[in-house]
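Asker: Same order as they appear, the protein sequences are chains D and G. The numbering used here puts the first sequence at residues 1 to 330. The numbering used here puts the second sequence at residues 331 to 1076.
None of these hints come from the bench; they were simulated from the model. Computed from a predicted model, the values in this text were never measured in an experiment. Quick reminder that beta carbons are idealized off the backbone N, C-alpha and C, glycines included. Do not take every clue at face value.
To be clear about the criterion: a stretch of chain D counts as covered by chain G if any three or more of its residues have a C-beta under 8 Å from a C-beta of chain G, and this derived list gives those stretches [to be verified]:
1) 33–41
2) 183–191
3) 277–288
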Amino acid sequence: MTICGTECLLRVYEEHPDLEDYQGGVPRWCTGCGDNAVLAAVQRLCRDEALRPEKTVFVSGIGCSSRFPHYMKTYGFHGIHGRALPVAEGIKLARPDLHVFVNTGDGDCCSIGAAHWVHAIRYNMNMTVLLHDNEIYGLTKMQASPTSPQGLKSNTTPRGAYLQPLNPLTVTLGVQNASFVAQAVDWIPEVLYDIISAAFHHKGFSFVRIMQRCPEWLPKHFEPWVRDPQKTLLLTHEQGLRLSPALAKVYRNQETHDPADLDRAREIASTLDPIPVGILYRNPNVPCYEDLRHAGQLRTAELIKTGLEAEFDKFTIWPHEETPETERAA
Amino acid sequence: MQGDTDMDMHLQEQVAFRLTGQAAGSGLRTVEAVGLRPALLANYRDLTRLRYDFPLVLVRNGPDEHCVRSLSGIIDAVLQEVAPRGPEGERLRKQVLRLEREIRAQTAKGVAGPLSALWDKAARRLVAASDEPLEDNLDRARAALKVEGKLLDCNASTPSRFLIHAWTRCQQTKARRMLGEIGALIVKLSDILRANTIGSEEGRSAESLRAAVGTAHGEVFDFDVMSRLLARVSAGSSLPLSRLRRIQWALSVLKSQRFFRPDSQRAPGGGEEPYAFVFENCTGALDAFRERLPRMIELIKAISVAELEIEGRYSEARHDAFFEAFYERALGPNDLNLFPDYLVCLGGESANATEDARLWELLSSGLPAKILVQTDDILEESTVGEGHFAFGARSARLAGMALGLQQVYVLQSSSSNLLQAGERILRGLRYAGPALFSIYSGAAGSAGDLPPYLNAAAAMQSRAFPAFSYDPSAGLDWASRFSLEQNPQVDRDWTAAGLVYEDESHQRVAENVTFTFVDFVACDPRYARHFAKVARDAWNESMVPVAECLGGAPQTAADKVPYLLMADCNDVLQRVIVDDRLILAADRCRERWRMLQEFGGIRNSHAERLLAREKKAWEEQRQRELESLKSESQVAPAIPAAAAAPVAPVISPTQAESVQEEKSSDEPYIETPRCTSCDECTQINNRMFAYDANKQAYIADLGAGTYRQLVEAAESCQVSIIHPGKPRNPNEAGLDELLQRAEPFL
């Protein structure tokens, strides 16, 4: 708002939404699914930040987690497989005023959408990306995903997965312009919320990998980590995650990690057991692509006309050797 | 013997001059019209041979921060780009520096124009006058010259031209931003109206549809049928009339505003002339502000309404009343700062009582007025009578007085320092409130043959017109707001500089010479009667440099005769003695400077007293400790000091161990904060288990379900946070088995 008074006026009448205001329908996920925890945390965030539904958009690809936009009473785009990120980037370029969230799964992001993922990191556009990683294809009933651990038996790997799993954290941290990388687990809701909140407040491409249980196809897969707090390494820092005293008592395995330290972040990212949870890396100084390209340019009649003309020119057959350039020169 | 008598006579004459200002006797001559100037200024007879800040270039392009640059700075930047290391580069450098000198000489002669024009002219002259081939090198340097703007030498028009230029650049930036915003609002509001028209009956009429398709394919469609078809489709609701009117009103106000004009364009649609914001007096500025106020409020209101409408957040119930009562007081300083500032350029001499009152009114009103007070003469004579100095009592003291207003940005500087003060001037122009710029031009013509630049520099150097700035937006205290930094040798009373000369026996003598207020006055022939040149044979031991006589009572140095070192037109050093009145005036000047120093935290008397007190207390404390140690060591010399140190008792900290309320295992409960909202329990019984405001489960109604359901929920909970406790109903079926199953979750 340009005028101070208007700003105050809006603040006086600021609406305080409830969590229910963001609930759009009953989730069709299996009972016990970790997606529910992510949904609850995101709805809490929307409520606490009083995000206006018409200014918020959730974009997803294909998979269980990609049903997420259906359950949010905001704008949503349930896209095509692996293409959540390009769609989100388009939205951000056209409407930089929107809060953009992306929900993607381990197949959607790390398999079919891997190329988009790598370049989205490099573009560093201001959006919050939640990778729901249950290490299995759940929607299509249990096939191995790129993040399935070696030896996991599934419908496509009856003798066990042959390959080492892909590590989304090390991949992200290895790409130029990475600006926010964090890891959460769905079974510690308090930390999940804090991390998603930090990701939301970071200006840039905030990548959060969420380890998530699939009670249907891999019911015991994360059991050891859920049961034993010692198997979770909580990364705390003044500039990062701060634990409540109650939680700190249960999860005693902690490390103070400065999110500005990229080298240490990469080391931590490579740890598989205990699972690191917290903000691994944050650099607020990486420029955002939409800022570099001055997105959100006003679409005046002239601008649209010039743009259209330029597009049509590409398909125009010019008589003789007359190209637009020669014509202009003339 | 004869010599001694002469000496006594000379001394008597000199002391008499000091006390009475009357030059009588053979050894003294009045300095009038002998062309003396302070020795430190002797080297600067021809400014065109000197590389210094002037001429300045009022840059048209580039960022606002660099809107004024010195010619030398620009040339240096060019040379850095084009002159390579080595002899070739050196030649180019010399040639371009010759060009710079030529441009400087032209400007000093009063040739005006943009830099590029003067450059080309100077280059042509050089090429014509020189034997060596210059053209290629100068062309290369010319190609690297990216800066364009008018040249500005140091003269009477410097302060106003400088300020108007910087102000214009700031206003252009402001206007671009606001025009962008207003333009965007116009487009977006028009979009709303257009969408409304398209959906209306009129928009779906055959004519509108035909017009929308255009002439090229007009024949292909039957627009009547199209119109009928579209009429059957629900068009959605059109805008309510009140909203439509509101949007139209805002749009018309935005389109007809006169505050901002696009660069080199008239108001769109050939509307009324845009407002002007440069004024010659405060009355004009105040009247204009009052007259435009209603239009300004209207525009702010329109922007506000437009933004709310575009966001879809205008609520008539909430906002109508507010906008009806929207008036002057609703404007904050930040709102006013969106609008162009009112620039008033005042010459100090033109002030009269009414205008003075208006000036203070404007400054204390908080309005975004930027006022330049230019002073050409700070040594004007007092109206009280001869011999009473009232140096710069009027306009030159304005800046100091304005400090008392607290919320005014104040900057005082002499012309010579303008380039260095540029950043602060910009800060003042951007400050959201009134700003006063008091600038001494040095161009009154009263300083003999001294050019305005040297006169202005001497005023600053001698503390007659010190530079300072006061920025209310920089912080809450004086330490953050007030700055004296730009003055030379800011920690000292007077500045000093090295003077090297040749004595009678042709030996090189280096001396540190102080430049005081008296030196500054000595440049002004109007005050020549306060000085007397002493013939060389009358120099004696009692003569001391002026600086040594300042700051003490004159009586204490009754037999001392203060003198200045001055150079005559042949650059011969002369001693010039000064009368007591001038010494008194210099003392007053020093006191004013001291006051500024205190504001700036230099030799602050409060701080010094506090420091002295603390130091004394600290020393006493230390003394006591030493004594007590001494007496202890006498009593018990065997105990080593370390062992004698008192040992702090180790108290185990009373840990604030949060005493977790031990839940009795008989009562069922859920660790709600750890719930992952997975629906397992609510699927079993959604009356017994419910979600709280954070969508985490708790036991809502124990009576709504059975113990079996509690146990089943505990078993199916993914994170095992449900604790079933003991059964409430002892008659429930299969209780033994259930209790066994519940065991792991108690």
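Asker: Give a verdict on every hint.
Answerer: Now for the hints, and whether the structure bears them out:
{"no.": "1", "hint": "33–41", "result": "holds (count 6)"}
{"no.": "2", "hint": "183–191", "result": "holds (count 5)"}
{"no.": "3", "hint": "277–288", "result": "violated (count 0)"}
Hint check: a violation occurs at hint 3 only; the rest are consistent with the structure.
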